[in-house]
Amino acid sequence: MACDLDRLGEAVEAVVRRARAAGLDFFPLRFELCPPDVLYTFGAYGMPTRFSHWSFGKAYHLLKSQAKLGLTKIYELVINSDPCHAFLLESNSLLENTLVAAHVLAHADFFKHNWRFQSTNRRMLHSMSAFAERVRRYEERLGRGPVERFLDAALAVAEQIDPFPGPRPAPQRDLPLFLLERAPELADWERDILASLREEALYFRPQMETKILNEGWATFWHVRLLRELDLPPAQAVEFARMHAAVIAPHPHQLNPYRLGYHLLESIEARYGRERLFEVRTLETDVSLVRNYLTPELCQALNLHVYAQQNGQWQVAATDWTAVRDLLLRQLENCGLPYIYAEDDNYQGRGELYLRHGYDGVELDVTHLTHALRHVHHIWRRPVHLETVQGGRNTVYTCHGEEVTSRVL
Amino acid sequence: MADLPFVISREDWSLHRQGQMDQERHQARIREAIRANLADIVSDEAIIASDGRKVVRLPIRVLREYRFRLDWQKQPRVGEADGPVRPGEPVGRPGRAAEAAGGSGAGDEAGEDWFETDVPLEELEELLFAELSLPHLEPKQEPHLTVLHHEWRDVRRQGLYANIDKKRTLLEAMKRNRLAGRPPLAGIRREDLRFRTWDEAEIPGASAVLIIMMDTSGSMGTGEKYIARSLCHWMVRFLRTRYERVKLHFVAHTTEAKEMDEESFFTRGESGGTRCSSAYEYALQLIDRRYPPDRHNLYAFHFSDGDNLISDNPRAVALLRKLLERCALVGYGQIETQPQYLSMPYYQPNTLLTLFREEIDHPRFVTALIRDRSEIYAALRAFFPRPGAGERGAG
Numbered sequence: 001m002a003c004d005l006d007r008l009g010e011a012v013e014a015v016v017r018r019a020r021a022a023g024l025d026f027f028p029l030r031f032e033l034c035p036p037d038v039l040y041t042f043g044a045y046g047m048p049t050r051f052s053h054w055s056f057g058k059a060y061h062l063l064k065s066q067a068k069l070g071l072t073k074i075y076e077l078v079i080n081s082d083p084c085h086a087f088l089l090e091s092n093s094l095l096e097n098t099l100v101a102a103h104v105l106a107h108a109d110f111f112k113h114n115w116r117f118q119s120t121n122r123r124m125l126h127s128m129s130a131f132a133e134r135v136r137r138y139e140e141r142l143g144r145g146p147v148e149r150f151l152d153a154a155l156a157v158a159e160q161i162d163p164f165p166g167p168r169p170a171p172q173r174d175l176p177l178f179l180l181e182r183a184p185e186l187a188d189w190e191r192d193i194l195a196s197l198r199e200e201a202l203y204f205r206p207q208m209e210t211k212i213l214n215e216g217w218a219t220f221w222h223v224r225l226l227r228e229l230d231l232p233p234a235q236a237v238e239f240a241r242m243h244a245a246v247i248a249p250h251p252h253q254l255n256p257y258r259l260g261y262h263l264l265e266s267i268e269a270r271y272g273r274e275r276l277f278e279v280r281t282l283e284t285d286v287s288l289v290r291n292y293l294t295p296e297l298c299q300a301l302n303l304h305v306y307a308q309q310n311g312q313w314q315v316a317a318t319d320w321t322a323v324r325d326l327l328l329r330q331l332e333n334c335g336l337p338y339i340y341a342e343d344d345n346y347q348g349r350g351e352l353y354l355r356h357g358y359d360g361v362e363l364d365v366t367h368l369t370h371a372l373r374h375v376h377h378i379w380r381r382p383v384h385l386e387t388v389q390g391g392r393n394t395v396y397t398c399h400g401e402e403v404t405s406r407v408l
Numbered sequence: 001m002a003d004l005p006f007v008i009s010r011e012d013w014s015l016h017r018q019g020q021m022d023q024e025r026h027q028a029r030i031r032e033a034i035r036a037n038l039a040d041i042v043s044d045e046a047i048i049a050s051d052g053r054k055v056v057r058l059p060i061r062v063l064r065e066y067r068f069r070l071d072w073q074k075q076p077r078v079g080e081a082d083g084p085v086r087p088g089e090p091v092g093r094p095g096r097a098a099e100a101a102g103g104s105g106a107g108d109e110a111g112e113d114w115f116e117t118d119v120p121l122e123e124l125e126e127l128l129f130a131e132l133s134l135p136h137l138e139p140k141q142e143p144h145l146t147v148l149h150h151e152w153r154d155v156r157r158q159g160l161y162a163n164i165d166k167k168r169t170l171l172e173a174m175k176r177n178r179l180a181g182r183p184p185l186a187g188i189r190r191e192d193l194r195f196r197t198w199d200e201a202e203i204p205g206a207s208a209v210l211i212i213m214m215d216t217s218g219s220m221g222t223g224e225k226y227i228a229r230s231l232c233h234w235m236v237r238f239l240r241t242r243y244e245r246v247k248l249h250f251v252a253h254t255t256e257a258k259e260m261d262e263e264s265f266f267t268r269g270e271s272g273g274t275r276c277s278s279a280y281e282y283a284l285q286l287i288d289r290r291y292p293p294d295r296h297n298l299y300a301f302h303f304s305d306g307d308n309l310i311s312d313n314p315r316a317v318a319l320l321r322k323l324l325e326r327c328a329l330v331g332y333g334q335i336e337t338q339p340q341y342l343s344m345p346y347y348q349p350n351t352l353l354t355l356f357r358e359e360i361d362h363p364r365f366v367t368a369l370i371r372d373r374s375e376i377y378a379a380l381r382a383f384f385p386r387p388g389a390g391e392r393g394a395g
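For the record, the sequence lines run as chains A and B.
Quick note on numbering: the first sequence equals residues 1 to 408 in the UniProt record's numbering.
Quick note on numbering: the second sequence equals residues 1 to 395 in the UniProt record's numbering.
Just chain A, same shape as in the assembly (with noise of 0.2 Å):
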């Protein structure tokens, strides 16, 4: 057996002992260790028990290959949850395990602690489930065929959620919400669907949101711990050896491992441990982005903007403004675009008008045309969306199966 689990025990001891000491202040942990095919499942579900569906399968499918190719290797999944759930891999080594160990623990304090996270709900794992459970029930009741259907429409809008709900969510801001609330013709099932589905968007939002700064938050504390923790020299050499991998740089991507980690590293070093605190309290990816990126960063970590020019990709850009302002416009929203809900009765026939907050990036044409028919199936009526394409305002409206557009 690759992890002893007493001697993982012990290891993990040391560990929590030191990150209280530190002043990390963490939900209860259950660690569990499991294969590597139960990791993946749960790394493409994003939860251990979730509604089936073709597209989780897809992501298993994926990711499964890809660890066989090593191109990536899951180490652990945490869940925000309380108590707090961990899975990690029992093929990894002592070392590898208290690392991710340590990792989690400090996952586990940013879920109690960051602002974002203070409205999730901490059983979700029983939601989810129990909504798993009445997938399954549909299915048997209707037949696979339409509740794949419905799925495939639902989730189609499920992210399109209002993030900050406050005490009275904006419908025309939150398009689950909005159809929930206004189409016509949905059966119970149907709208339990939907609510569910919106429910788990809402639940995995402030993960998104906080991605850099959670994962740079535990990749700081797995340092510091395990440093702590008077490594023997070879184990000090591979643990050096697994950072310098979880930190490495994504060509063409931003490892948020490494970016995080840098940002809270140089906030420690210029206002000090008491204020990393507070940053993993208040903030989220854009404000930290805001707030603590500097020239100085820009140019260690070699950031630049690259863009297309005569048919090539490259360098644009490497003055630190031009780097951050692009860098947050990526995260304003998650990356998503906003799409309001107009009218809910446009022409009075009973349509669905949908404006695209267009803000200089253009909807992906492909997506948009199979939304819509997602949208339509929900809304069982025309559906329109209005959106700039080409520089020109154009309205695109489903019938059905048929896509039309046009030029205002």
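Derived by calculation from the structure, the hints in this document are not laboratory data.
Beta carbons are placed, not taken as given, at the ideal position from N, Cα and C, and that holds for glycine.
A couple of the hints might just be wrong.
What the hints assert, rightly or not - The following label-pair restraints were derived from C-beta to C-beta distances:
#1 B:GLN20 with A:ASP188: 47 to 55 Å
#2 B:GLN73 with A:ARG191: 32 to 40 Å
#3 B:VAL7 with A:PRO295: 45 to 53 Å
#4 B:GLN73 with A:ASP188: 16 to 24 Å
#5 A:SER405 with B:ARG240: 43 to 51 Å
#6 B:ASP12 with A:ARG7: 16 to 24 Å
Position chain B relative to chain A; hints supplied.
Frame of chain A; chain B shown alone:
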């Protein structure tokens, strides 16, 4: 550690199957997409040329999860690098993250509705051949079959694992290992597996003979030959899934017929007039000499552009009738990739297709008109219609 807020446990996950099950749901969606695109797939050059390769790469529709998405493809992005970079320095831009099953394909750069996936050739053929069937089967030498039952029982390379034929599988493994000079039990491979199927008892055990005739006179260009070759490819693959052995004969004809090997048959061009009766005559002689119809499953196909010497027509029809007395199926495929007749409204084409359709009304005679690659699949279905599909002739 009782005072510390953590526990570590190890559960039994052996029954955890959700990922696997949903992966199968996804695979089923891929199969639906393949089935919907079979017509494009069967005419794909890469697949026909892939003979022997185990996996083909297919462009597949509809497997993306559609959402409202911004199109970042043409937008500037923030990147990070190992070392210092300067404005103007080129950076490669990868496609979107691989979305395909199997982590293989990517390339939907242009926002296309497709992505590529690797499909095992066997799986593709299974899907394709499920849409086809062997028509007009007559049991051949039934007493003989019983004797040969053990040897010719329907044993396949694919099937349910519950139905593994252990003996045959072991035998195959031993055979392969011995041939490679290894000890007989040096491991069993996928290719050794043999499965029993009991539900298709009407499948003949023995062999099939396929006589493929083609007009190789000047008018059959490379395009026409490509279509003939595609059809032959799939017919042979199809028959091979039904019969233990498929014997092929390639008969080229102009005014005279001659047999040649497959390669020359599909590549060599000749000129001269056309007398298709020469090919039919050759086929009849071949059958009478070597393949008594009561002991063989005979299939004869003829491909031409429809041109024939008018004086030869009566003889061609008469010989075709004789072929029909002997064969399980006679197919005639007319390949007209240059629709010269269509552009001449007053010209009533005097093609073989018209002639045969007028003269021959026989349940085992099937004709198909193929005007371009996209009609290859329809022709295949016309030749091997599934019962109840109710199709006859694709043209």
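Structure-based check of all given hints:
no., hint, in the structure
1, B:GLN20 with A:ASP188: 47 to 55 Å, "violated (31 Å)"
2, B:GLN73 with A:ARG191: 32 to 40 Å, "holds (36 Å)"
3, B:VAL7 with A:PRO295: 45 to 53 Å, "holds (46 Å)"
4, B:GLN73 with A:ASP188: 16 to 24 Å, "violated (40 Å)"
5, A:SER405 with B:ARG240: 43 to 51 Å, "holds (49 Å)"
6, B:ASP12 with A:ARG7: 16 to 24 Å, "holds (21 Å)"
When held up to the earlier numbered hints, the structure conflicts with 1, 4 and fits the remainder.
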